[in-house]
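*Asks:* Sequence:
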Amino acid sequence: MVRIKERYLLVNILYPSEIGNHPNVPDVVAINRPTSDHLNSARLLKGIRTEVASLFGDYGLGSIEGGNLGVKYLSQATSTFILRTSRSSYRLVWAALTFMNSVPIRNGKSCVFRVVHVAGTMRRAEEEAIRRARDLIFAAQNGQKEGASDPLSNMFGTSERPQPEAATEDSLSDSLDVEDEDIDIEMGEITDD
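Our numbering numbers the first residue of the sequence shown as 72 and each following residue consecutively.
Just so you know, these hints were derived from the structure itself, not from any lab. One thing to keep in mind: the hints can contain errors.
Here are the computed lysine-lysine pairs in the BS3-like style, where the Cα-Cα straight-line distance is at most 30 Å [unchecked claim]:
1. 76 to 143
2. 117 to 76
3. 143 to 117
4. 117 to 180
5. 180 to 143
Model the full assembly from the supplied sequences, consistent with the hints where possible.
*Replies:* Dropping the structure here:
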């Protein structure tokens, strides 16, 4: 018996136009705001099929139609959904989601569809969705407490890697063990010996 290979795409709907519009709300909460209740699985699939058709034509539409495209999970509260597609066509669906720029409903708000994880099983996609929701809650709590001036640091955090020191002329000459007189050497003629 042949097993059908599928991929599960975990997708977040982000609203970057909402950053800074609400002064008392952390930016990480504003960008991850809830989606309209009018968005359902059928409208989402129709929007994805339309985008695939406009990007890849009949080839793309044919490849995703045979690939059992379906929405397995949709949460308007967290603006998250999980798509099931065939392994051979998940890149086409991913590209179509990347180019979608509004929620596929009437007068839909401008948004960004961000594929955050690709999994081989539904279980792994669900686990990743739970982990990301937990991280989002902690980021929102930290953003409320700290109120960082840079919205991107609230969303993505700060780097924990040590930053290299800026190189100065003294540190370069110390590391190379070169004296000051040897730094400015003019190039002479090259002779064959």
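*Asks:* Indicate, hint by hint, whether the structure satisfies it.
*Replies:* Hints, verified against the model:
The straight-line distance between the Cα atoms of residue 76 and residue 143 is roughly 16 Å, inside the 30 Å bound, and the hint therefore holds. Note on residue 117 and residue 76: the hinted pairing holds, with a Cα-Cα distance of about 23 Å set against a maximum of 30 Å. Restraint check: the Cα-Cα separation between residue 143 and residue 117 comes to about 15 Å, which is no more than 30 Å; the hinted pair holds. For the hint linking residue 117 to residue 180, the alpha-carbon distance of about 17 Å falls within 30 Å, and the restraint holds.
Between residue 180 and residue 143 the alpha-carbon distance is near 23 Å, which keeps this suggested pair within the 30 Å criterion.
Checked against the numbered hints listed earlier, the structure breaks none of them; every hint is satisfied.
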